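Trainee: Sequence:
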Amino acid sequence: MFVKKIVLALLGLNILVNSVFNSFNVINSDTVWSYLLLPHFFKDMVYLASDTFILHYPISFLLIKFIGLNSTLVFVDTFALVVLTLVGWLAFYFYFLKKYISVIKLIYILPAFIFINFSQTFYQMISIPSLRNIEFAIALLLLIYFDNLLLLNRRILLKLGVFLIMLLLFISDPYFIYVFAAPLLLIMLIRARKNLRYWNVIGLLFTTIVANTAIRSLLNKTQHFLLHGVNNGHIVFPSKIASNIDLTIKGILNIFDSYPNLHLLSFLSLSLFLLGVYGLYIMFKKGLGDKKNIALLLLPLCFVFTILAYLTSGQPTDLATSRYLIFIVFLLPFGVCYAISKFSSKYARTTIILVLTILSLANFIQMYFVFKSANNSQQYEENQLIIKIVQQYGVRYGYTSYWNSGINTFLSGNVSQFIQVGCINNRIQPHKWLASESWFDKNTHKGKTFLLIDFEGSRTPELKGCDLNDVTEQFGKPAQIVPIPYAGENISLVIFNYNIAEEF
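Heads up: the sequence shown at position 189 corresponds to 224 in my numbering, and the numbers run straight through without jumps.
Worth double-checking, as some hints may not be accurate.
[Claimed, not checked] Simulated DEER-style distance windows between Cβ atoms:
1) E491 - V122: 21 to 29 angstroms
2) A277 - I317: 41 to 49 angstroms
3) A277 - F241: 32 to 40 angstroms
4) T507 - S252: 24 to 32 angstroms
5) K275 - N235: 18 to 26 angstroms
6) L354 - V390: 33 to 41 angstroms
7) L420 - N328: 25 to 33 angstroms
8) L199 - L389: 43 to 51 angstroms
9) E538 - L420: 27 to 35 angstroms
10) S380 - R228: 34 to 42 angstroms
11) T242 - W438: 38 to 46 angstroms
12) S380 - L220: 24 to 32 angstroms
Hint data in this document are derived by calculation from the structure and do not stem from the laboratory.
All figures in this text were calculated on a predicted structure; none of them were measured in a lab.
Glycine included, each C-beta is placed from N, C-alpha and C at the ideal position.
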């Protein structure tokens, strides 16, 4: 018991320290907009529109819709999600250990929980309040329910509760229909031939998926909601499969910091990744003979379906899209634990645990340098230069490309506001992804505005296609054009004496 307490204490310290480090490591607009804490720190900005909602997390949406956008509410809601994420993952972790690994071996398996240290991605998903992390925890909590099929013949209220939770999950993110519902449905269909009890699950899943489709369709028709689905979810042509395979391999190595570059930590991370995959494999073989429980089958199949959904879709475009593989980060620790539990030698288990501990300590050092780099290096030098020049010319409200908007607004402490726009048919138009309608309302800001644009297109790719003539034709002659030189290139600060939103 003493060893278990020590391990849990180290785990808690790890999460606390890495949470602090990660909270300073802002990467880009996509990351900035996903943090629910922003309205708490930037109280004068509304990140959810009054008339068009990005319905990504229904519980947060319902709170805001019926109670109002309140900074304290969002602050409490955000940390409630972080706690629920951690509780959900831990609940399934200990459920899995108790049910599928003997209690005697538990003391040897528990340190394998330090597995998460070899992937900073796990910490970022667990410790930073974002919109998707809670969904993984909900999926694992649902798995506990489905793993005990005897419950399915009783308690109508329990079934109704599970139905509603799944419905919220699928409406929040159709991604989970592919990576969670599909493998679960496959298992149920295979086993339903010999046990009619499994039709309960099949009916529940089909009902939830159909209800999700109907509700999304109805809400979108009202024009008061914007429910996004899985972008580029189409099946790709064979010609792109080779590219997808390459991006899948690189993406997996990326999210586990496991590039085989002869670096010791990279080699250890890659070894643990392979150990996790091996554990899922032997778990699957064991699950084939287990007629009562489904976790041993479902965890490996969720892993496979996550990769297949990515591999065969239009999602893979660059290394950044490897985020769609993140579900496997939540699955592999169970594979590692299961693999270690099958080692007959106590010395083999001890060796693996020692390696995990070394990785844990190394991760502290690595995260320190990430923290130091994010705050003291030249990482945001260009952003700071842009912000400085914008403020020098007395304009605080303006427009630029998506990837230059959120990060500059954030780094300026909301003193300067950069609103996202794109170039459509040679005209500057609002880019409404993760945006408020009010940002593009001509009455939101009176006075001077700016357009931050690279007319060559490389620094502001979403604005490529709109040259100076197009901008002048749409908005009139600029009051001033200020070149901002950086790294041998120019990005232009085009200043107007009025809010150019009038011409959108």
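Trainee: Now tell me, hint by hint, if it's right for this structure.
Mentor: Hint check:
1. Distance hint check: the CB atoms of E491 and V122 are about 50 angstroms apart, inconsistent with the given range 21 to 29 angstroms.
2. A hinted range of 41 to 49 angstroms for the beta carbons of A277 and I317 is inconsistent with their spacing of about 30 angstroms.
3. Hint check: A277 to F241, Cβ distance near 35 angstroms, so the stated range 32 to 40 angstroms holds.
4. Between T507 and S252 the Cβ separation comes to about 43 angstroms, which falls outside the hinted range of 24 to 32 angstroms.
5. Distance hint check: the CB atoms of K275 and N235 are about 39 angstroms apart, inconsistent with the given range 18 to 26 angstroms.
6. Against the hinted window of 33 to 41 angstroms, the Cβ-Cβ separation of L354 and V390 comes to about 27 angstroms, which falls outside the hint.
7. The hinted range of 25 to 33 angstroms is not satisfied by L420 and N328, whose Cβ atoms lie roughly 58 angstroms apart.
8. Checked against the hint of 43 to 51 angstroms, the C-beta distance between L199 and L389 comes to roughly 45 angstroms, which is consistent with it.
9. In this structure, E538 and L420 meet the distance hint of 27 to 35 angstroms, their C-beta atoms being roughly 28 angstroms apart.
10. Between S380 and R228 the CB atoms are about 40 angstroms apart, so this pair conforms to the stated range of 34 to 42 angstroms.
11. For the pair T242 and W438, the beta carbons lie near 40 angstroms from each other, so the given range of 38 to 46 angstroms is met.
12. For the hinted restraint 24 to 32 angstroms between S380 and L220, the CB-CB distance of approximately 39 angstroms leaves it violated.
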